[in-house]
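K.L.:
These are the residues of each chain, in order.
Protein chains: 2
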Amino acid sequence: MCVKRGKTFIICGPSGVGKGTVVARLLASDPTLYFSVSATTRAPRPGEENGVHYHFLSMEQFERWIEEDQFLEHAQFVGNRYGTPQMYVDKAMEQGRDVLLDIEIQGADQVKMKRPDTVRIYVAPPSWAELERRLIGRGTEDMEKVKSRLARGKEEFAAAKDFDYFVINDTVDRAVDEIRAIMTAEHCRPDERIALIDQ
Amino acid sequence: MCVKRGKTFIICGPSGVGKGTVVARLLASDPTLYFSVSATTRAPRPGEENGVHYHFLSMEQFERWIEEDQFLEHAQFVGNRYGTPQMYVDKAMEQGRDVLLDIEIQGADQVKMKRPDTVRIYVAPPSWAELERRLIGRGTEDMEKVKSRLARGKEEFAAAKDFDYFVINDTVDRAVDEIRAIMTAEHCRPDERIALIDQ
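Quick mapping for you: the protein sequence lines, in order, are chains A and W. The numbering used here puts the first sequence at residues 6 to 204. The numbering used here puts the second sequence at residues 6 to 204.
Since the hints were derived computationally from the structure, they do not count as laboratory data. It is possible that part of the hints are untrue.
The list treats identical chains as one, so a pair stands whether inside a single copy or across any two.
[Stated by the list, open to error] Straight-line distance between alpha carbons at most 27 Å, and here's what the computed DSSO-like set of lysine-lysine pairs gives:
hint	residue 1	residue 2
1	166	9
2	150	166
3	117	166
4	159	9
5	166	12
6	119	166
7	9	96
8	24	166
9	119	159
10	24	152
11	150	119
12	152	9
Owing to the predicted nature of the structure, the values given are computational and were not obtained by experimental measurement.
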């Protein structure tokens, strides 16, 4: 039973839903989990370390990595490029570690196309009113930004309907338990298990 | 979050794999679980109660139920008929209870055809050598019967490759935990969850 290969789980969800807390709790509960570090062309902010917060690449390097098909997904936001390098993901999976990707929904679609065995989990708020309360509660954004994040969340929600799983983050405990159950269940798929039994 | 509808989980597996113990532990751990009682035309054995061990039907009643499409699946063994009445399953599911069906693999295929949202779990032995040891260890059958059960188990194993999940019963604790994880995960499917969020 020791030849388990890791699986990749994508965690998507609207801004303010509490994904960061859920991911932190998942990582704390299982030290073998690998959390994918994105690559970006944006400049490091004070305190950010290369390879820890991001892999910081020049635009030239980033484009070379695209040409070399080194990204599981990549996108552009406000003039900067962001991507998920596949080599770290592959290495972790080969070591039998499960991988968490915290990426945008468009990126999730790119990964699923490339790797159909990737499991996509959408973290949803218990209600849109509650998401609005959480966004306002953070106190970091003005009302206009809250409204625009909310509108984007609803748009994404419609696009997430073909995700594999929906986890409602009403309490962090429940959301974490459900994601852990999904990870356990996905390791019980026949393709992985049949190989473990002598035939 | 209170409108949850129950789901049906089929537990299949070869004779001797320990399904009975696993099912008993699942039922003990969750009193809301409904374990489906089969109908049969065979005569009750001493101590067997109608509606508890089986729904005992006459051949005439059984055939009427088939005509009325009252079975999720039915089959014939050694001159007796066995079937899963759908009314008890439906009632439990409407009450929000998950349902366990401990049935043969042919029955599992019938149920899946009729109810594609049914989840099929195959409980496998860690190895065929271990299954043989368990069958011999029960001490209830001669070697010829052990060999024939083993051969049937291997045949079924090949047919179970398109099941949704494989759980390896190396330890009962692990098998029970995995089945519970599968049940939790299957309640996180988008079709069930999206309805819970106001849109």
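K.L.:
Hint by hint, which ones does this structure get wrong, listed from lowest number up?
P.N.:
11 and 12
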